[in-house]
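Fit chains B and C to the known structure of chain A by using the hints.
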Amino acid sequence: MLNKLACSITHLLDARREGHSLPAGLYTREDVFQADLEVFFFSHWIYVGLECDVPEPGDATVIDISNTSLILLRDDDNEIRVVRNVCRHRGSRILDPGSTVVSKLVCPYHQWTYELNGELSYAPHMGKDFDKSCKSLKAVDFRSIGGLIYVCLSDNPPEDIADLENAMLDRLAPYDIRNAKVAHQIDVIEKGNWKLTMENNRECYHCSANHPELCVSFIDLDFGYDPESLSPADRQQAEEHFAMYNARTAAWEADGFPSATIEHTRNVETNFRSQRLIIAGAGESQTEDATAASSKLLGHMTRKDLGDMHLWGHNSWNHFMGDHAVTSMVIPLSPDKTLVRTKWLVHKDAVEGVDYDLEKLTHVWTETTEQDAELVARSYAGILDSAYEPGPYSRFSEGALDEFATWYIERMRAHGY
Amino acid sequence: MLNKLACSITHLLDARREGHSLPAGLYTREDVFQADLEVFFFSHWIYVGLECDVPEPGDATVIDISNTSLILLRDDDNEIRVVRNVCRHRGSRILDPGSTVVSKLVCPYHQWTYELNGELSYAPHMGKDFDKSCKSLKAVDFRSIGGLIYVCLSDNPPEDIADLENAMLDRLAPYDIRNAKVAHQIDVIEKGNWKLTMENNRECYHCSANHPELCVSFIDLDFGYDPESLSPADRQQAEEHFAMYNARTAAWEADGFPSATIEHTRNVETNFRSQRLIIAGAGESQTEDATAASSKLLGHMTRKDLGDMHLWGHNSWNHFMGDHAVTSMVIPLSPDKTLVRTKWLVHKDAVEGVDYDLEKLTHVWTETTEQDAELVARSYAGILDSAYEPGPYSRFSEGALDEFATWYIERMRAHGY
Amino acid sequence: MLNKLACSITHLLDARREGHSLPAGLYTREDVFQADLEVFFFSHWIYVGLECDVPEPGDATVIDISNTSLILLRDDDNEIRVVRNVCRHRGSRILDPGSTVVSKLVCPYHQWTYELNGELSYAPHMGKDFDKSCKSLKAVDFRSIGGLIYVCLSDNPPEDIADLENAMLDRLAPYDIRNAKVAHQIDVIEKGNWKLTMENNRECYHCSANHPELCVSFIDLDFGYDPESLSPADRQQAEEHFAMYNARTAAWEADGFPSATIEHTRNVETNFRSQRLIIAGAGESQTEDATAASSKLLGHMTRKDLGDMHLWGHNSWNHFMGDHAVTSMVIPLSPDKTLVRTKWLVHKDAVEGVDYDLEKLTHVWTETTEQDAELVARSYAGILDSAYEPGPYSRFSEGALDEFATWYIERMRAHGY
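Just so you know, the protein sequences line up as chains A, B and C, in that order. Residue numbering for the first sequence follows UniProt numbering, starting at 1 and increasing by one per position. Residue numbering for the second sequence follows UniProt numbering, starting at 1 and increasing by one per position. Residue numbering for the third sequence follows UniProt numbering, starting at 1 and increasing by one per position.
Isolated chain A (complex conformation) (with noise of 0.2 angstroms):
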């Protein structure tokens, strides 16, 4: 007889050797992703939606992780906010999936009545001593860093969200996210864990072979390559390339345009990256010829040369470019399945067919996202055989995800696990 007492999540922790993927229990196991979601969803800051996901006043839409619903709004004085959508009679949702317009928040059970604060104003039938200022929809604690929304569901949110607020605020101004406009969404629904759809994000190795239009506009060069293994020409491309990633680098420094590397990825409690990155090609933009797909420039940008200011969160991805961005956030599922949502947002006054192409501004992301769902899948489907041992991580392309793996434990850890 196997021994059929699972083991611990501790056990499990403990086994994960150095420079290697996980065990797949981390990977596949329900208990691992109660407490994945506690962790790492419910605990940590993460990364939910936009300022302009509700440009106006009276705008709402509800973001779901797991059984937990938001309403990220906007109110009368054009104030964001984030409310549970659970009423405080008896626990119906106030709002349906999706985006609408709201005045106030109505129940449709029984009419309870909320503001847009929060404020329940009116509740038929519970009598005149009823006291309903302790009947307010729960608040959400959030930050709005340059437009993008964090959320922490925590009674004790990690502090070291204001080093992502630091390193982002002068990133992103140029930008102005808060004001752009989303031209399109797409939820794709990965059949893997979420912790593979990260570390499919954070390497590039797999670019080449499984992702030709992504490959016009991106290096993969930059996410790290095996010196030795290259011939003698393919070397000298690859130094070359590095020589005019840190002249690129500098000049972009010097004109105002901060640039460098900031790996905010161990002993932290926030998991950032950022980095701006030189778009290959044309050099504009990641579409399919690497050339603009909106001629209406983001925010207050007046180039199109920045390159791709990325940001990689913990679930979630960003790249800020010249004339749009694409961002995208992941929410788990169950152990074998997560959302992945992403929106190209181009400027607020940028017109469809006129500005823009739609078809052009987002099929290499709608076809990079589809093909990294077939990968998590075929991934996700290995680690649950017998067969599977946790592998090496090639130290030239894959150290973020060993950095990720190694944060990952440590976090479980200082949470008690």
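Because the hints were derived from the structure by calculation, they are not lab data. We put the CB at the ideal spot given by N, CA and C, even for glycine. It cannot be assumed that every hint is accurate.
To be verified - Looking from chain B toward chain A, a few residues come up when the C-beta cut is under 8 angstroms (computed):
#  : residue
1  : S21
2  : P158
3  : H206
4  : A209
5  : D220
6  : F223
7  : D226
8  : E228
9  : S229
10 : S379
11 : A381
12 : Y388
Using the frame of chain A, we list chains B and C on its own:
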């Protein structure tokens, strides 16, 4: 680390606060669901169907309650019988879901053949010495109360089913449900816990905003109201309504039609409530214009003005009117799925298209049932959310829910939880 | 309160009563299912395919057993190999389900490339010092017995696979299954436990009422009958049949075709049974009229009158006839779902439409397989019902089930349950 050890069911029962909805786990947990099945569906009397589901000898219909399948049939002596739908050989299902006509019950697997009284009469290949007498189909304890079939799967059935019988025999007699005809039947699967289905049915606080069709004939005031919140004009109208209600009840009683409210909901095993309700407007029937849907009245009825004889159980609700009846049974499928099976009954000789119009007959409760399914799903979704806390019941219009919740807790405790 | 602590598997094994079907939990429980996989599918030899599934060098086919995925392939030296379908890098599946032709096994994720013998030959980005020799695809222990592939995933494979080999090599030789052709394949998912699938296959008590097509060529008497229940005329017919059976077996043996019944089902690890059965009517093949479906006989066969060489295993059944063979493997998917994969084999040079008609070839077992799926589902549904109790096996026609159940219990105990 959160406390990942789920608390005991006992702890959840103890946590219930009077006047408030139940703690979330009592609605959502799988172990509570299994306990609910055991206590409320396998140890109490439950409503499962009607004599008129099987009007002729040889008629048989299958009723599935979780994995338990029952055959309700009428034998050659015109007697109702209920047997388990499991062959005594290797356990095969004998009849498929749905209704059929049989002369014997033959297991399709190996042709073991049972008489309609359940006795095994043929078992090929079993040898001469095989004792068939101990391999009858298992019989199920049942009562027909005025033609409504209640079963109890426990060896120790609650004795107070006699109270239900005593209360309802006179009330149901004029409708002669035993000899009615099932004119229509629908199954709706609600995406919520069965207790939410029952709670939703026991209040009409939600009616005015959600059931426009029902509110033509239904008077939500009858289910309680908050006098303080009414305008003087509305309050006067309410007082006039209750004066009329009392006068009409007295008149019905004087004419020999029992009408008073019977509440068998506190400190009881078998939970029910009965009341003769006024029908609004034309006053005849729960139709779009409150006039009768069938010109041939039910049973021995000679009057259309006897209102709505209402009967609630813990897994059913019923409305008996002059021209037709609507009867619903509730079967839990999982913590988050509940079957509601609704039947419309008319006089056995009433002919569709001649005596009644099916659309008129069924419209109001078809719509109402769909609306209720939506509300139950919305409520269940919110209760799954960590933002849910048990909320206050209105003491004016949700008192019956408070009693139901209290009875639920008591019955669970009586069964050792 | 019922005892909600599930009893141990050991307790369920102890509760099994001789001569009766298994206690319900052994068919339905998830923990038993996991134990079954471990004991009967990962520790015993199981039948998974055929050499002729991969007739040419580079042919590869994927076989999934629960989450375990195997690649059966033929390498460049014409040797059969079985390897695990899991990349040694980060665990990705290498091949998709189904069959393909490959020159190397290339993982689509990061292009790790394995030779057909499983050796890792290319691993980009891993650096010069990376030792590829310890990262071969994991090999699987297998035997080809007359062209039938058996694998064992245990480090300690049962040695009595040699008994199967010794018994079958002579019996299978004339059919030359190694060089046959797969003319057709179907997958049917039965809604029941795998042991019900096997029980159903080991008796023909259900045949006469359920398998009209099969009964043209199959003689259910061969699988046992109750002599006392037969009329004098039927009993005489049965006695004549067995006289003929004995005479024909003797004649076949005299002609050099081993035909006697081999029962390797008691006190063994590897469970099998083989017998040469008579084909009824025209006597040639399991077709609608019992005549051969293929004019080109299998392998070296020169006669169509050699009946049906039957081979049962614990996850397979096979019928080898003069003109074709039918072979089925059984893979559990969940406690309540079982895959039955059936293949029809003909001579490798037989041409569809010329030498055989595909519809005639496949009709009988296609229908029979669908009928059996229905019976297994019906049986499983009843066993889930609390009314189920283990029922008596017929001592005349279900003796093989009693032996299978006994072997099941013994093997579970041998593995510590």
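*Which of the listed hints are not met by the structure?*
2, 5 and 6
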